[in-house]
Each structure stands twice: as C-alpha cells, then as structure tokens.
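Given chain F, work out where chain E with the ligand should sit, using these hints.
Below, each chain spelled out in residue letters.
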Amino acid sequence: MKFKVNNKEVFASTGGRPFDKKKPLIIFIHGSGLSHITWVLQTRYFAFHGYSVLAIDLPGHGYSEGPALESIEEQGKWIADVIDSVEMEEASLVGHSQGCLVVLECASQFPDKIKSIGLMGGAGAIPMNPELLDLAEKGDPKAVDLMMDWAHGPAGHFGGHPVPGLHHINLGGSIVINGSVKNALGVDFRACDNYKNGFEAAKKIKCPAINILGDRDRMCPLKEGKKLAEHIKTSEVEIIPNCGHMILLEEAGQALEILKKFIRNNHPV
Amino acid sequence: MDPKTYKFDTLSLHAGYMPSKNAGSRQVPIYQTTSYMFDDVDHAAALFNLERGGHIYSRISNPTVQVLEERVAALEGGTAALATASGMSAIFLTIMTLCNAGDHVVVSSQLYGGTVNLFRLTLPKFGIKATFVKPRDTEGFKNAIQENTKCIYGELVGNPGNELMNLPEISKMAHEAGIPVVIDSTYQTPYLFKPLEHGADFVIHSLTKWMAGHGSSMAGILVEGGKFDFLKTDKFPTMTEPYEGYHGLSFAEEFGPVAFTMKARAEGMRDMGPCLSPQNAWNVLQGIETLSVRMEKHCSNALKMVEYLSNHESVAWVSHASLKDNPDYELAKKLLPKGTGSMIAFGIKGGKEAGAAFIDNVKLASHLANVGDTRTLVIHPASATHSQMDEATLKLANMSHDMIRLSVGIEDIDDIINDFEDGFRAAKKPRLVANK
Ligand SMILES: Cc1ncc(COP(=O)(O)O)c(C=O)c1O
Numbered sequence: 007m008k009f010k011v012n013n014k015e016v017f018a019s020t021g022g023r024p025f026d027k028k029k030p031l032i033i034f035i036h037g038s039g040l041s042h043i044t045w046v047l048q049t050r051y052f053a054f055h056g057y058s059v060l061a062i063d064l065p066g067h068g069y070s071e072g073p074a075l076e077s078i079e080e081q082g083k084w085i086a087d088v089i090d091s092v093e094m095e096e097a098s099l100v101g102h103s104q105g106c107l108v109v110l111e112c113a114s115q116f117p118d119k120i121k122s123i124g125l126m127g128g129a130g131a132i133p134m135n136p137e138l139l140d141l142a143e144k145g146d147p148k149a150v151d152l153m154m155d156w157a158h159g160p161a162g163h164f165g166g167h168p169v170p171g172l173h174h175i176n177l178g179g180s181i182v183i184n185g186s187v188k189n190a191l192g193v194d195f196r197a198c199d200n201y202k203n204g205f206e207a208a209k210k211i212k213c214p215a216i217n218i219l220g221d222r223d224r225m226c227p228l229k230e231g232k233k234l235a236e237h238i239k240t241s242e243v244e245i246i247p248n249c250g251h252m253i254l255l256e257e258a259g260q261a262l263e264i265l266k267k268f269i270r271n272n273h274p275v
Numbered sequence: 093m094d095p096k097t098y099k100f101d102t103l104s105l106h107a108g109y110m111p112s113k114n115a116g117s118r119q120v121p122i123y124q125t126t127s128y129m130f131d132d133v134d135h136a137a138a139l140f141n142l143e144r145g146g147h148i149y150s151r152i153s154n155p156t157v158q159v160l161e162e163r164v165a166a167l168e169g170g171t172a173a174l175a176t177a178s179g180m181s182a183i184f185l186t187i188m189t190l191c192n193a194g195d196h197v198v199v200s201s202q203l204y205g206g207t208v209n210l211f212r213l214t215l216p217k218f219g220i221k222a223t224f225v226k227p228r229d230t231e232g233f234k235n236a237i238q239e240n241t242k243c244i245y246g247e248l249v250g251n252p253g254n255e256l257m258n259l260p261e262i263s264k265m266a267h268e269a270g271i272p273v274v275i276d277s278t279y280q281t282p283y284l285f286k287p288l289e290h291g292a293d294f295v296i297h298s299l300t301k302w303m304a305g306h307g308s309s310m311a312g313i314l315v316e317g318g319k320f321d322f323l324k325t326d327k328f329p330t331m332t333e334p335y336e337g338y339h340g341l342s343f344a345e346e347f348g349p350v351a352f353t354m355k356a357r358a359e360g361m362r363d364m365g366p367c368l369s370p371q372n373a374w375n376v377l378q379g380i381e382t383l384s385v386r387m388e389k390h391c392s393n394a395l396k397m398v399e400y401l402s403n404h405e406s407v408a409w410v411s412h413a414s415l416k417d418n419p420d421y422e423l424a425k426k427l428l429p430k431g432t433g434s435m436i437a438f439g440i441k442g443g444k445e446a447g448a449a450f451i452d453n454v455k456l457a458s459h460l461a462n463v464g465d466t467r468t469l470v471i472h473p474a475s476a477t478h479s480q481m482d483e484a485t486l487k488l489a490n491m492s493h494d495m496i497r498l499s500v501g502i503e504d505i506d507d508i509i510n511d512f513e514d515g516f517r518a519a520k521k522p523r524l525v526a527n528k
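Residue numbers (my numbering), protein chains in the order written: chain F, 7 to 275; chain E, 93 to 528.
One chain only, chain F, in its complex shape:
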C-alpha cells in the first residue's frame, strides 16, 4: 500500500491483506540497500493471522520516494512517523541487519509506541569494511557482489532456498541492484558506519525483545549479536545453526516459527 509520511510517498507491503487499524500492527524494517521483498516469508503469515503488517520500504528504497535518510537516528524517528501516519498508537518492530539499528533507535526514542521488538542478524554497531563502503558510495556494483558473498551462509552459496526455484544470492543481489547502489546502499552503509549509539539505545529498551542470530553470520558475527543481546535487559536469544546473515530468507521457516511464538506472547491478537 502507498501512503504519505512527512509528505513523501511511502510503499509498504501489507502481506497480502488490506491494512486494518483494528488489528495489532507489526512493522518490518529491511537491511541495507534492500526492500520489503526480503520479508515475504514472514509477513504473509502474520497478515493472514490477525495482524496488520507493514513491510516498509525505507525512503529511497524499493517503491518509497527518496532521498534515503542519512542517519540511523533519523530512520528511527521516521518509523515513529510511520506509526503516526497510519493512525496507530503502537506497533511491534522487526528488523534485519541495519533494520535492527533502526529498531533500537525507535524503541529507545519512543518507548510508548513500541510493544515488542524482534532483531534478526543484529549488532550494537555495524562498522563497515572501508573498501566495501567506498565501493558502495561510488555506486560500484561490485559492492553488491561482495555484500551478497558475506551476507549469505552455506545455503546462500550452495542452495536450497525455502521457496522452490529461488536463488538466494541472485535474488538478494537483484533487490539491491534494482534500487540504487550509490543512493540507497551507499547511504545505508555510511549510516551504519556512523552510528555509535547502539549499545546506549539497547540499554534503554524495556519492552520484550528477541535476538535471532545465525551462527555463520559474517556481516554481523554471532558474538556481536550476543553482545547486543546482553545490553538489552529483556532480550531472549535464539541461535540458528548453519545460518548466515540472511536469516529471514536462508532459514525463513525457523525464523518465522521463532517470531510467531515471540509476537503471539508479547503482542497478542
């Protein structure tokens, strides 16, 4: 669905069900350079099981109007604006990678709006490899190839997509390439690299939280995810074996089962 936030057009997938203000809201926030497409194996389930779902395209990503927001702090604030724009009081947030930083910022800045948070492949800080950052800021498609290499675990590199026929790395890469390497991925990577408030934000979080981590994650290594979890007083931790950074796709089924249990307990229909 399309709607306006701060007078700019925003696209969000509603998971195949019309948005309904009477249902509890879950907002899904994608990772660097990506879009709502990454969440398709979680969003449809919740949308068909009593929730209103918004898998948003961040500004300048997917079908949302640009430019991309340059800091994680702004992005966190923007998520709160999304909740206001759809005239809801509160939401649960689910983030992936950079989306986790955005969730931390939003939940710590606007504790009254956030019911629970799910973090997939998160970390308290995501410093970027300087060469990767440079390539992305220059708009070099090689940045996407490097990102896809590091973001995927064994399933991504060999195969076995949960949806028959889909190819992990080529699908992930095309989401980024179909956007803008320079103006989306480059801006995102810089925002991640600049962001220093993750652990402070984490300490302020009071709502129920879960960190879902892949033990083969090379983008946000497992120990970084655990460190973040230690800073969130309320956080549960689930570790998925043999899984890389693209948990939401590589182990979509397991990720969904964990989220289902967590959200049903903490933000029931």
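One or more hints might be untrue.
Claimed, not checked - One side of the interface only, derived from the structure: several residues of chain E facing chain F at Cβ under 8 Å: (1) 110; (2) 142; (3) 145; (4) 170; (5) 319; (6) 340; (7) 346; (8) 347.
The hints are simulated quantities; they were obtained by calculation from the structure and are not laboratory data. We treat Cβ as the ideally placed atom computed from N, Cα and C, and that holds for glycine.
Quick look at chain E with the ligand alone, frame taken from chain F:
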C-alpha cells in the same frame, strides 16, 4: 578484494544442493514422490497460501527438480527458475503467464520449427497473435511493437539459418516500450552466453539439448532475470493486481524480482501441469556437471568442421557465425567470445537428391530430429523438422532445400570427417548418373 562466490564450473557441479540437508548423500537424491507431509493444519494452510516456502505436490515443485532449478538459475545469473517437462512446455508456460487473449508478441522468424508453429498456429487459438521479424532486422522488432504487445521473443542465433539477433539493441527498444524480452538460449547454454547480462529478462532452455548433452531425457526450464519491473507499467495487470486465485495476492508487490516465476508456478504449474519428473531432472543434472568441458569440445570440433566444410568441393555454402564473411561475424565475436556454438548449416551441391544421399550414407553421424547431443547429428530440415511449414514461412526462416543441419558432437574430429567423406562420396553419385 573480490567476492568469493563460486564460479561457473563450480556452480555447475554444486549449485542448488547441500548434502548436509540430505542425509549426507553426495549425489542429489531422486525424490520419487508425488506429495509431502504437512506438520499440522497451520503448516498446510501456510504452504497453500504462499505464506511460507516448501513442497506440497510434485506437479508444483519437487526437491530433486528444485536442485536443477537453482543450478540453472545460478549458471544463468537468474533470480529464480522453473523446470518443465520439455522445452516446448517452458515456452508455452512463459507466454501463457505473460499474455492474455487479445495480446500480441513480436517474434524472431528464425526459431525452432516447433516454436514457429506454436506462435503461428496454436497460440492464435488462445487469442494471442504474433508478428514475425527477421532476426537481423533490429528496427523491425521495434516497428512491430503494438499497444497490446507483451514481449519480444527470439533465439540469439536463429535456427537453422544461424542469423544473429542484436539482443542488446532489441532489449533497449523493448524496455523503452515497457515490455520484456524472452530468449530461448538452448543453443548457447550459459557456458557460451548469458542473455540476462545482455538485456534479456527471461531465458528459456530446452534442457533436452546441450545442457543435458546425453540425449536421454526431455526437460525445459524458464529462468527469471529479476530486473523487469512489472509495477512500472500497467500492461501486466495479472502480475500487479490482486489475483483471485491466491486471496488477492499481487505477485509483483510481494515477490518483486521473482514475481514471474512465482506466478508461473502458482498458476501455470497448478493449472496446466507440465511438471518435470524427478528422474529426468536428475538425468539432466548429470549432464550439467560436465557442461563446460563438453561445450569447449563441441565448439572446437565445430570450428574444425566449419573449416573442413568450407574447403570441400561438394559444399555450396556454409553458415556459421565464426566465418569472417558471415554478416554477423562482428556481433558474434562481441556476444559469443567463447564460441559461436556447434550448430552448422551447409548447402550440399546437387540439391535435395544429393542431400538425401548424404544423409543416408553417413554412419557415425546420427540422422534424427534433435540437436545438442554429445554425438554428431545431421538432418535435412526441409523434409523433417520444418516440413510442416509452407514455402513462405520457409523463406522467412531463410531456409533452402539443399540445407543440411549439423549438430557437431564431441567424437574424435577425424572420425566425424571420415564419416562425412563417405557421405559426400555417395552424394556425388546420383549427380554423375544424372549427368550421363
Ligand atoms: C531452440 C529450441 N527451443 C526449444 C525446443 C523445444 O524443446 P523440447 O524438444 O525439449 O520440447 C527445441 C527442440 O528442438 C529447440 O531446438
């Protein structure tokens, strides 16, 4: 710093499969089953509603077939693939997923004979019309695009005339008009050419041919490029608007770069059902493991045959894009640096009669209606593959009665040449008799 994602030869052996998820079995298991157990009612409902991935019924998907799909997607650089019972069913499925009754397609005139008939005779029965354009007539493709045109369809190197389409240029024109390009890349395989890197949006293979190589199994596949954005035009409402068959799902919104494959599977495989058997998928996988080494030998043997035929007194003409006097030589060099494939067309002196004598007297080369076998194959198209076509269509496909189509195998080149010598010797005889 370079990505360490696996490269082509490695992908052709490993892509799509992890032993650790299959009892440690090093070889891909053949899942000879029709259906798959659901965990519970909730799981079943979620699978049917595309809320989660997984297998339901082998008409829709099968784990062995899935390995083949991911492997070909990996080799072509595609976001997704969908394997089918044959190359023809992949073509039909693609067109039926793109088009509705009342739609139109622009099609290269040099195509596999079965495909020509599909566009000329069968699809019009469903209200889908085609305009044929000669492959070298780049502007012609653009001029043929109408308001209701839904794609441009072609083979990079036409069959059997060996004329090239200027795919990069034609793709630009198609995209300006808001329509995708579909390329049947059976003759090239991703070893020689990856259409998605040159502007195509969808790739089709008859896997029956070079991809499998062994000539034992029928199979086809559709590969999605992931770049064509159906939401940017209003030409494809069945991709972009809520689909009644799946609780109002908009494929393009939910699945983006794999939307077409998702729809072709969810709707096409469900309703038309041209599924590939797991055994045949496995057979094709065996072939793909050696794709690179086979294609290299196919191409080097083909070059030697081109040279041999070009210098032969019984040969009137040779058509292969590796020849300097071929109008497509430069374009072929650019698009096909690893080789222009192993299909050669040549004219035999003495016309139809000599052609028949040649074909009946070669022994190593097999006379049959296939191409892309590891064994050398010959046929006389005007009396076989393209025999259902009328004179005008033959002419449009640039075919003549003296044409012999050769699919060069990977036997020892000396043996192929010796065999051809026998054929040419026999082909001369009817002429000598006639001249007396
Ligand atoms: C170029 C090309 N495309 C498609 C086909 C049809 O494939 P199949 O025979 O697997 O149905 C053929 C078969 O000869 C072919 O040569």
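Checked hints:
Satisfaction of the interface hint for residue 110/E is found here, the shortest Cβ-Cβ separation to chain F being roughly 5 Å, below the 8 Å cut-off. Restraint check, residue 142/E versus chain F: the minimum CB separation of about 6 Å is within 8 Å; hint holds. A least Cβ separation of about 3 Å between residue 145/E and chain F falls short of the 8 Å threshold, and the interface hint therefore holds. Hint on residue 170/E holds. Least Cβ distance to chain F is approximately 6 Å, under the 8 Å limit.
A hinted interface residue such as residue 319/E counts as satisfied when its beta carbon comes closer than 8 Å to some beta carbon of chain F; here the least separation is about 6 Å, so the hint holds. This hint holds: residue 340/E has a C-beta 7 Å from the nearest C-beta of chain F, less than the 8 Å allowed. At its closest, the beta carbon of residue 346/E sits 5 Å from a beta carbon of chain F; the interface hint therefore holds under the 8 Å criterion. Hint status for residue 347/E: holds, given a least beta-carbon distance of 6 Å to chain F, under 8 Å.
Every hint from the earlier list agrees with this structure, and none is contradicted.
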